[in-house]
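Which chain is which? The protein sequence lines are V and Y, in order.
Its first residue numbered 1, the first sequence is counted upward by one per residue in our numbering.
Its first residue numbered 1, the second sequence is counted upward by one per residue in our numbering.
Mixed in with the good hints, there may be bad ones.
[Said to hold, decoys possible] If you want the ones that stay clear, here's a sample from chain Y, every Cβ over 12 Å from chain V, calculated:
#, residue
1, V47
2, D89
3, G141
4, I145
5, R181
6, A185
7, H219
8, E241
9, F247
[As the list claims (entries may be wrong)] Here are some, though not all, of the chain Y residues that point toward chain V, as calculated from beta-carbon distances under 10 Å:
#, residue
10, G33
11, G137
12, N224
13, Q248
I should point out that these hints are in silico values taken from the structure, not numbers from a laboratory.
For every residue, glycine included, the Cβ atom is placed at its ideal position computed from N, Cα and C.
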Amino acid sequence: MTNYLDFEKPLAEIEGKAEELRAMARANEEMDVEAEASALDKKARELLEDLYTKLTPWRKAQVARHPDRPHCRDYIKALFTEYTPLAGDRNFADDHAVLGGLARFGDQPVMVIGHEKGHDTRSRIQHNFGMARPEGYRKAVRLMDLADRFGLPVITLVDTAGAYPGKGAEERGQSEAIARSTEKCLQIGVPLVSVIIGEGGSGGAVAFATADRVAMLEHSIYSVISPEGCASILWKDSEKMREAAEALRLTAQDLEKLGVTDRVIREPLGGAHRDRDATITAVGKTIASMLSELDGRTGKKLVKERRRRYLELGSKGLAA
Amino acid sequence: MNWITNYVRPRINSIFSRRDTPENLWSKCDNCGNMLFHRELRENLNVCTSCGHHMAITPRERFSALFDGGVFSEIKVPAPLEDPLRFRDQKRYPDRMRAAQKATGEKEAMLVAEGEMGRTPIVAAAQDFSFMGGSMGMYVGNAIIAAAERAVALKRPLILFSAAGGARMQEGILSLMQMPRTTVAVQMLKEAGLPYIVVLTHPTTGGVTASYAMLGDVHIAEPNALICFAGPRVIEQTLGEKLPEGFQRAEYLLDHGMLDRVTPRTELRGELITITRMLMGLNPAVAGDLPPPGDTAEASPPEALNAPPAEKPAK
Ligand SMILES: [Zn+2]
């Protein structure tokens, strides 16, 4: 069953009708509905194309958060072999909002780290909806450090609404943990590539996405604040999230113009969730290509260029 | 008790008076409600003389009190693109900027300066909460980078006073990118072997706390300052419960290991001198108040010989 987003309601109706016709035909062999159903399929496809070629920023935010979108775990399973999760921050706990461990990407041993949102009620709770606590960032720091010492490239998969705003998280130094993770990203002398696969929410995303190369899926978002949060602060009305999403320039397309992301990875028509395998394959190709660009560089050069990338960021605004 | 001597007071007052506070006015403490004589409050660095409540202080006022004789020279900050996203909420961003500039008389939310503090050459940066909530955008990022580069060039420590509601939403992702940018600035200092001391003042929250404000070699906070990543309101909404008294305040963070010290503003300068001189391997500071560098020959203590020559102070 497909989970439809609000703006996909007309599409849901058409696809539902086609489905209904076919179900009727299955029950009654004398009925021939195929012509009518195919016409509906065609109409649905046109509508899908129409909807997805001009997604507004707010709609993109919804697609980026779609529950059926491939998540970190799906990418790890499909793109890596010998994945060996490594747990814990050696300090307080293991944070299940952050997955990470050793794996092979092709033949190359790497460290993969990412936010995992979960896919059903139980796993969402287990992964705290992808919102990491300090332990998650401290685990990431530990894994990046390990990768650095053994010369393994680091691949981060970013998908979080943001760092978890909780009492314990604050007590245990959420700010410091995020700051240290960003700091570590800027220190390691191994290639660091990042893909924003869904939501890149604020500091919780920066802590993993401060990289040599940053790619974003076509309908993913990356922002300083959620459109809802921005609306409630600047518009004093959380219902103004459409306006806020527009103003924040949080789409992959705008972020490419601003130089925040290097590549935008095309999604299948109708979004990543409509063809998960194709999406995952495309992400894999991009990771391979980003890593190959960094091949052969010394640790010193990598660090120097990574830092320069960030120092120079923001010198160009959006072209008119 | 007050370290601002009569000797330097006239000069400091002349700097302060650009704010045009009539001398005969009283103001009310936001905490205890006592009426405080303006001049007395100002001389006590906006700390309530009856309850010790720390009220806001502008970077300029802070620097006037921090640097010897109130003398410092501003470090130029490269101007970023104006309104890079052409952001508009209920107002246009450039209009908000102009309103903030008019209200504060400042260009942006951070002031960077060099000078001497107890004859200790330093670079200092202070965030201005009265300027759009001290929010961190491209300018603040540029200011911190400029401060770090200047400190490295002069081989001086950097003392940074943080105060911000977080990132500047009107610069969208570019404000978020100040987290890695300012982290690079901190790394420049660390690699040059120079102390980076953060004084966290009320309030320091969001992306500011989660980047340069939590990466200091030494963290000192002013009493009762709110210091957090997620603000108390956000957490209360998420948890649906009231937070304990004092949650996310300086003393609470000290208890939870995030700070080295909580120090009243009136004692801060002395403490900063002591710490930076030890970290820089300088002799103990001369006790007492000092005139501006180069003003009087007899005020130059012997260890000033170790220090780089004083910069020609600007007015
Ligand atoms: Zn008071």
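Do the hints match the structure? See the list:
Chain V leaves Y:V47 outside its interface by the beta-carbon criterion, the shortest separation being 25 Å against a cut-off of 12 Å. At roughly 4 Å, the least C-beta separation between Y:D89 and chain V is not larger than 12 Å, which violates its mark as non-interface. For Y:G141, the shortest C-beta to C-beta distance to chain V comes to about 7 Å, within the 12 Å cut-off, and the non-interface label is violated. Residue-level check failed: Y:I145 sits 7 Å from the nearest beta carbon of chain V, not beyond 12 Å.
Under the 12 Å C-beta cut-off, the non-interface status given to Y:R181 relative to chain V is violated; the minimum distance is some 5 Å. Distance check on Y:A185: its Cβ comes as close as 8 Å (rounded) to a Cβ of chain V, failing to clear the 12 Å threshold; non-interface status is violated. With a closest Cβ-Cβ approach of about 9 Å to chain V, Y:H219 is found to fall inside the 12 Å limit, against its non-interface label. For Y:E241, the shortest C-beta to C-beta distance to chain V comes to about 8 Å, within the 12 Å cut-off, and the non-interface label is violated.
Look at Y:F247: its CB is around 7 Å from the nearest CB on chain V, not clear of 12 Å, so calling it non-interface is violated. Because the beta carbon of Y:G33 sits about 29 Å from the nearest beta carbon in chain V, more than 10 Å, this interface hint is broken. Taken as an interface hint, Y:G137 checks out: its beta carbon lies about 9 Å from the nearest beta carbon of chain V, inside 10 Å. Taking 10 Å as the C-beta cut-off, the interface hint given for Y:N224 is violated, the closest approach to chain V being about 16 Å.
At its closest, the beta carbon of Y:Q248 sits 6 Å from a beta carbon of chain V; the interface hint therefore holds under the 10 Å criterion.
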